[in-house]
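So the sequences go chain by chain: B and L. The first sequence begins at 1 in this note's numbering and counts up one residue at a time. The second sequence begins at 1 in this note's numbering and counts up one residue at a time.
Note that these hints are calculated values from the structure, not bench results. Treat the numbers as computed from the prediction; the structure is a model and nothing was measured. Among the hints, a few may not be true.
Stated by the list, open to error - Distance windows between CB atoms, simulated: (1) L:23 x B:155: 52 to 58 Å; (2) B:98 x L:151: 43 to 49 Å; (3) L:143 x B:6: 34 to 40 Å; (4) B:120 x L:37: 43 to 49 Å.
What the hints assert, rightly or not - Partial list, computed: chain B residues near chain L (C-beta under 10 Å): (5) 38; (6) 55; (7) 67; (8) 126.
As the list claims (entries may be wrong) - Stretch-level coverage of chain L by chain B, calculated; a stretch enters the list once three of its residues show a Cβ under 8 Å from a Cβ in chain B: (9) 1-10; (10) 101-114.
Beta carbons: idealized from backbone N, C-alpha and C, even for Gly.
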Amino acid sequence: MKLNLTLNGTARSADVPERTLLADLLRDTFGMTGTHVGCDTSQCGCCTVHVDGMAVKSCTMLAVQADGCSVTTIEGLGADGLHPVQVAFSQCHGLQCGFCTPGMVMASVDLLRRNPQPTPAEIAEGLAGNLCRCTGYVNIIRAVQQASEILQKEAS
Amino acid sequence: MYAFNYQRAESVGSAAAALSADASAKVLSGGMTLLPSMKHRLIAPSALIDLARLPELIGVREEGPHWWVGAATRHQEVAAHAGLQQAIPGLADLAGLIGDPQVRARGTLGGSLANNDPSADYPAAALALRARILTERRDIAADDFFLGMFATALQPDEIITGVRFCTPVRCAYAKFKHPASGYAMAGVFVAQYPAAGAEHGGWRVAVTGVANGVFLWHEAAQALAQQSPTPPLLRDDAIDDVHAPAAYRCHLALQMLNQACQAL
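Chain B on its own, in the form it takes in the complex:
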């Protein structure tokens, strides 16, 4: 089935079987391997991307459901260098092995869009759809708090 979408700001088209998952379209057809597939059962959130500005799990969405949509992956996040959330994850060491990080960053960007100054409890709830098996989440929550401060400064 033919589909058209905007991927990281660029118009793209593909012809894939209907059962193709969005995660597989992004990785296999478009080579955007920053979107990770961890559990493939919509538990871990590693495959989180933005579809029309909202964080979704791309392993639980058909590619054809994104037809006509604007999709942003971790590769398309920073317009010029790293996005402030990526900078904060780096500075706060909000990762260890890094496998969950693209999903964590995409979910955090979505959280900060909806709630620009979240409390630690709101960050934990906002990242409930993303699992990290390394960090214990402490530095991830710090990173989101720092990203919030950076984005607030940028906005003011």
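Dock chain L against the given chain B, drawing on the hints supplied.
Same frame as chain B, now just chain L:
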């Protein structure tokens, strides 16, 4: 997942016609349960008819003494709706407790009700809030809609278009989440309506996650009406599994009832 045909519905009517023409076709909305079920090869529909973008199925609006929520309205939109937060706070809170943020960005009211998972949240709201489930051919009282585990009064080719909730005097929902899945181990929705002429003095208590399907807890509603202690919940069909034995689930329901009442 097995191969299937995909078509985006142009209207509810065309979707209903496509369903009638193919007995193994299914409608797709958010896909948060349907797609994982297909990936696990638990089901293999011949076709998916995608309703998610039909504008007539999307929205939240006040209609006199009711609130209408479109079947394809996503949980995140219900949770964030300022008017609904004011009028039926328990319903907006419930939508914000479903799954996780990514699931709430895709999952829909109609999908949740049509699936009728015994641990899903929305069925408790529909039952407690005297909802009418609207389809393309009729409307069904929530009291007659839920028929036990994954079973509803819907015909195989019938499509939910929206839900009309009766605005209560006050209401609240409390849920003990399964720590991994986010589903309700016990979820209790309490709603109070004007007492005049109403059963149990206008109180409605619906319970999800505890038994074979969502149910009205009449003894609790009666106790609220009489301001007497709630008797323990006793159910022959209480879920008894590796996550929680039946007695524990029934005890959780009582705790969630207390939490919901404190939040009223």
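We went through each hint and held it up to the structure:
The given range of 52 to 58 Å is respected by residue 23 of chain L and residue 155 of chain B, whose C-beta atoms sit roughly 54 Å from each other. About 45 Å separates the C-beta atoms of residue 98 of chain B and residue 151 of chain L, a value consistent with the hinted range of 43 to 49 Å. As the Cβ distance of residue 143 of chain L to residue 6 of chain B is approximately 46 Å, the hint placing it in 34 to 40 Å is violated. Between residue 120 of chain B and residue 37 of chain L the CB atoms are about 35 Å apart, so this pair departs from the stated range of 43 to 49 Å.
Using the Cβ-Cβ criterion of 10 Å, the hint placing residue 38 of chain B at the interface with chain L is not satisfied: the shortest such distance is roughly 13 Å. Restraint check, residue 55 of chain B versus chain L: the minimum CB separation of about 5 Å is within 10 Å; hint holds. Using the Cβ-Cβ criterion of 10 Å, the hint placing residue 67 of chain B at the interface with chain L is satisfied: the shortest such distance is roughly 8 Å. Given hint, residue 126 of chain B at the interface with chain L, holds; its Cβ is 6 Å from that chain's nearest Cβ, closer than 10 Å.
Remark: the segment 1-10 of chain L is confirmed as covered by chain B, as 7 of its residues place a Cβ nearer than 8 Å to a Cβ of that chain, reaching the required three. Check on the segment 101-114 of chain L: 5 of its residues sit with their Cβ under 8 Å from a Cβ of chain B, so the three-residue criterion for coverage holds.
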